[in-house]
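Undergrad: Going down the list, the sequences are from chains A and B. For the first sequence, my numbering begins at 1 and goes up steadily by one. For the second sequence, my numbering begins at 1 and goes up steadily by one.
Do not take every clue at face value.
Unchecked claim - The list that follows gives simulated cross-link-like pairs (lysine-lysine, PhoX-like), each with its CA atoms no further than 20 Å apart: (1) B:Lys22 / A:Lys104; (2) B:Lys22 / B:Lys77; (3) A:Lys14 / A:Lys55; (4) B:Lys115 / A:Lys104; (5) B:Lys105 / A:Lys64; (6) B:Lys77 / B:Lys58; (7) A:Lys41 / B:Lys115; (8) A:Lys55 / B:Lys105; (9) A:Lys41 / B:Lys58.
Claimed, not checked - To give an idea of the interface, some chain A residues facing chain B are shown, with a C-beta separation under 8 Å as derived from the structure: (10) Ile12; (11) Gly16; (12) Lys64; (13) Asn70.
Just so you know, these hints were derived from the structure itself, not from any lab. No residue lacks a Cβ here, since even glycine has one placed at the ideal position from N, Cα and C.
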Amino acid sequence: GAVVSQHPSRVICKSGTSVKIECRSLDFQATTMFWYRQFPKQSLMLMATSNEGSKATYEQGVEKDKFLINHASLTLSTLTVTSAHPEDSSFYICSARDQGGPAKNIQYFGAGTRLSVL
Amino acid sequence: AQSVAQPEDQVNVAEGNPLTVKCTYSVSGNPYLFWYVQYPNRGLQFLLKYITGDNLVKGSYGFEAEFNKSQTSFHLKKPSALVSDSALYFCAVSLPGRLTGGGNKLTFGTGTQLKVEL
Numbered sequence: 001g002a003v004v005s006q007h008p009s010r011v012i013c014k015s016g017t018s019v020k021i022e023c024r025s026l027d028f029q030a031t032t033m034f035w036y037r038q039f040p041k042q043s044l045m046l047m048a049t050s051n052e053g054s055k056a057t058y059e060q061g062v063e064k065d066k067f068l069i070n071h072a073s074l075t076l077s078t079l080t081v082t083s084a085h086p087e088d089s090s091f092y093i094c095s096a097r098d099q100g101g102p103a104k105n106i107q108y109f110g111a112g113t114r115l116s117v118l
Numbered sequence: 001a002q003s004v005a006q007p008e009d010q011v012n013v014a015e016g017n018p019l020t021v022k023c024t025y026s027v028s029g030n031p032y033l034f035w036y037v038q039y040p041n042r043g044l045q046f047l048l049k050y051i052t053g054d055n056l057v058k059g060s061y062g063f064e065a066e067f068n069k070s071q072t073s074f075h076l077k078k079p080s081a082l083v084s085d086s087a088l089y090f091c092a093v094s095l096p097g098r099l100t101g102g103g104n105k106l107t108f109g110t111g112t113q114l115k116v117e118l
């Protein structure tokens, strides 16, 4: 299947700093990428849909000024957690949707980023 | 609104025995259905999907799932479980939509922890 690379896999930061997470589709182009948040032993909650060349679409309750999303190319989306606080500590996972062929409609997921804010 | 229910938090099965992980969905329209597997501290791996066609879908690692429209179910099955199948399994649903602007957003179930023992 298609490969989505997410970096870093783990980050520890001080409260008040900003953290950038990268999501890359390595062998396919993705007009649309998705950012999820997963709490321990819970399901994935969609935070936002990242659209190449346009503004992201945020889910209800997600602060767009807090979680900045940039999708500057067909293979890269970034999520920046601004002024992080301990309550932002979580597992963040990105996915990219393959545009065509037999893999159309399938979302491929990155390995996730464990964010710990001290 | 679309929703997914995975009624079992955990399923235990002996190696070599058949396994079933249950999933039911609620959606208006014809759904796209997916199964993903997650290993500890990792992202989700795609297992299989139902879009249209045969109700029995075969996927990766010997897994299969049967779409039952009348029962609105999409149970995951495997004829003979392996210890290495032990992981967290997620069922997900989306609706056909535009390829941009947030179409095909996935809604996940709460996950079922599968434990295969010797």
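Undergrad: Give a verdict on every hint.
TA: Hint-by-hint comparison with the structure:
This hinted pair does not check out: B:Lys22 and A:Lys104 have alpha carbons roughly 25 Å apart, beyond 20 Å. Our distance criterion of 20 Å between C-alpha atoms is met by B:Lys22 and B:Lys77, whose separation comes to about 9 Å. Between A:Lys14 and A:Lys55 the CA atoms are separated by roughly 28 Å; this puts the pair beyond 20 Å, and the hint is violated. Taking the CA atoms of B:Lys115 and A:Lys104, the gap is near 31 Å; set against the 20 Å cutoff, the hint is violated.
The suggested pairing of B:Lys105 with A:Lys64 holds, with an alpha-carbon distance near 18 Å, which does not exceed 20 Å. Using a Cα cut-off of 20 Å, the hinted pair B:Lys77 and B:Lys58 holds, with the two alpha carbons roughly 10 Å apart. Distance hint between A:Lys41 and B:Lys115 is fulfilled; the C-alpha atoms sit about 15 Å from each other, no more than 20 Å. For the given pair, A:Lys55 sits about 16 Å from B:Lys105 by alpha-carbon distance, which is consistent with the 20 Å threshold.
Simply put, A:Lys41 and B:Lys58 have alpha-carbon atoms about 27 Å apart, too far for the 20 Å limit, and the pair is violated. Taking 8 Å as the C-beta contact cut-off toward chain B, the hint placing A:Ile12 at the interface is violated, the least distance being around 15 Å. Below 8 Å, beta-carbon pairs count as interface contacts, and A:Gly16 has none with chain B, the closest being about 26 Å; its hint is therefore violated. Contact between A:Lys64 and chain B, as hinted, is not supported at the beta carbon level, the nearest pair being about 14 Å apart and thus beyond 8 Å.
For the restraint placing A:Asn70 at the interface with chain B, the shortest Cβ-Cβ distance is roughly 16 Å, beyond the 8 Å limit, so the hint is violated.
Checked against the numbered hints given earlier, the structure breaks hints 1, 3, 4, 9, 10, 11, 12, 13 and satisfies all the rest.
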